[in-house]
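Asker: Read top to bottom, the protein sequences are chains F and L.
FYI, the numbering for the first sequence is 3 to 476, going by the working numbering.
FYI, the numbering for the second sequence is 36 to 133, going by the working numbering.
No lab work stands behind these hints: they were computed from the structure.
Everything numeric in this text was worked out from a predicted model, so none of it was measured.
Hints should not be assumed to be uniformly reliable.
In silico DSBU-like links for lysine-lysine, alpha-carbon gap of 30 Å or less [unchecked claim]: (1) K398(F) - K30(F); (2) K42(L) - K325(F); (3) K224(F) - K94(L); (4) K368(F) - K94(L); (5) K15(F) - K30(F); (6) K402(F) - K66(L); (7) K238(F) - K11(F).
Here are some of the chain L residues that sit facing chain F, going by a computed Cβ distance under 10 Å [stated by the list, open to error]: (8) R53; (9) E60; (10) V75; (11) I104.
Positions of the beta carbon are idealized from the N, C-alpha and C atoms, including for glycine.
Spelled out, the chains give:
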Amino acid sequence: MEFINKTIKELSKKDKREVLSDCFSRIKEVEPKLHAFVTVLSGLEEVDRKDNPKSILNGIPVGIKDVLCTRNLRTTASAKMLDGFTPPYNATVVKKLKDAGAIIVGKNNCDAWAHGASTENSDYGVTPNPWDLERVSGGSSGGSAAAVAAGEVPYSIGTDTGGSIRQPASFCGVVGLKPTYGRVSRYGLIAMASSLDCPGPITHTVEDAAIVLNVIAGKDEKDATTSDSQVLDYTKDLNKDIKGLKIGVPKEYFGLGLFDEVGEVFKKSLETFEKMGAEVVNITLPHTEYGVATYYIIQTAEVSSNLGRYDGVKYGFSAKDSKDLIDSYFKTRDEGFGDEAKRRIMLGTYVLSSGYYDAYYLKAAKVRRLIHDDFVKAFEKVDIILTPTAPTPAFKIGEKADPVSMYMADVFTAPVSLAGLPAISVPAGFSADKLPVGIQIVGPHFEENKILNVAHMFEKEAANADWRKNKVAV
Amino acid sequence: MAEKISKEEVEYLAKLARVGLTDAEITKYRKDLADILGYVEKLNEVNTDNVEPMAQGIKAKNVTREDRIEILEGTPAELLSEAPSKEDGFIKVKSIFE
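Okay, chain F solo, but in the shape it has when bound (with noise of 0.2 Å):
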């Protein structure tokens, strides 16, 4: 059987045996020279999950990213502080998954605490892009989407904090939604940036999104921050006309960056919505060239807090010869965490320190108000909003040396996070290198059944479009 490309859907139809074992197969193939999994379960062994014949997932694989913590299977989110560490429960996504069913046959790589927009940050070794192994897969969830774009696994799970599911969807070709901040539960995820953390799919088609959303999406008691909003059937509107949709296209999303080449796919799509009858409508969100600099500062404050557990005393990593308790906690956050981290830490730590919050912290928290407000008026004009997911195709392994240009590749998914708004990248073509290139469709809060139609109804529109054609290079 041929597994690569098959899709949850039509995988579902199929003996689960063979499915499984044309998984392990695949990945035993490309593993090596992917590296896209930190941990492979080792074969098929029975793993802790219930049979759900009544749910799609069923008997069908899927990778975890390996910040979400697994019961009994090693967690390390791609960092050396948690390289021995063994999670005693399982994220709420996971128990999801497992109740529905679903496979788990390893945990993806990523950066470092989900610190970088390339796996470069890994402390386990990057994750090349499928298309071309010089490149990055992007990041964070480089892992995750790589996976999915080889053939490893038909859908993983990523997580996304300012682009870390969308922008290596956009750099691997395929499939990447990052729900609406507070429609997954975080419970069990390793925190990265508390306000902005949100669990996705990372799959080859759209339905095969709204299929794991599905599953995944709903209130948690045991995150409080997750919403009471509906949870809907996510399949139910994909096909529905988007005639006389109103598309607004942000005039600032054209300078910041922009490849002209990512800007040849996008001008293409528009052409495709508008034969699709489809109204582009240009608008205005004006503080979008601040997204980066507020999140920034944002998300370091709440990762330099969220990592200050990390002691050596109650798990992972604890540096030996120390002579007392402070003593241990200087050498174990030196020796355990890596120059991203660290670099994050003392970020957070001077944005948030006495005599610099109000300048800082504060600051970016009202720009933060004034870029959410942006999209709230755009979405009184328009039902979603149009973007190219990244600025660039995949870069060069090595190729962004200082923090801020690699800041900037989230520089259009950041605002969209820091708005807690619902996006998904699609593959929308190809740039001259035979990269592939995303396009980013952002909806009003809860509305992902909205963004999710338009992206299918995209991507059927799309399907015999001759960049479909190419395939991956390994």
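Assemble the complex: chain F is given as a structure, and chain L must be docked to it using the hints.
Answerer: Leaving out everything else, chain L in the frame of chain F:
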């Protein structure tokens, strides 16, 4: 405001954050922090008079629930087994007092 970050400032931050740093790291973070803070200072261009700070993107209200005991999947022995140092069913730490 943040054109230059002194060695002492980096050392002070590292102390607050309980992160030991080598001299080479201190030199590197002086530059990195100055670069990043220089970039984020563009926020000063934005007029935020009378703007309420926002903590998260969605409208959320305080959630309370009854305080009750719940038996989780993990056993006490499993929880304790993750601690790097333990003795007789307790987590062991270095001395606090001299």
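Asker: State for each hint whether it applies.
Answerer: Right, here's what the structure says about each hint:
1. K398(F) - K30(F): Judged against 30 Å, a Cα distance of about 25 Å means the pair holds.
2. K42(L) - K325(F): holds (25 Å)
3. K224(F) - K94(L): This hinted pair holds, its Cα atoms lying about 18 Å apart.
4. K368(F) - K94(L): Holds. K368(F) to K94(L) sits at ~15 Å (cutoff 30 Å).
5. K15(F) - K30(F): Holds - the C-alpha atoms of K30(F) and K15(F) are around 24 Å apart, at most 30 Å.
6. K402(F) - K66(L): holds (16 Å)
7. K238(F) - K11(F): Answer holds: K238(F) to K11(F) is near 15 Å, not above 30 Å.
8. R53: holds (4 Å)
9. E60: E60(L) check passes; min Cβ-Cβ to chain F is 7 Å, inside 10 Å.
10. V75: holds (4 Å)
11. I104: Not OK, violated: I104(L) not within 10 Å of chain F, min 14 Å.
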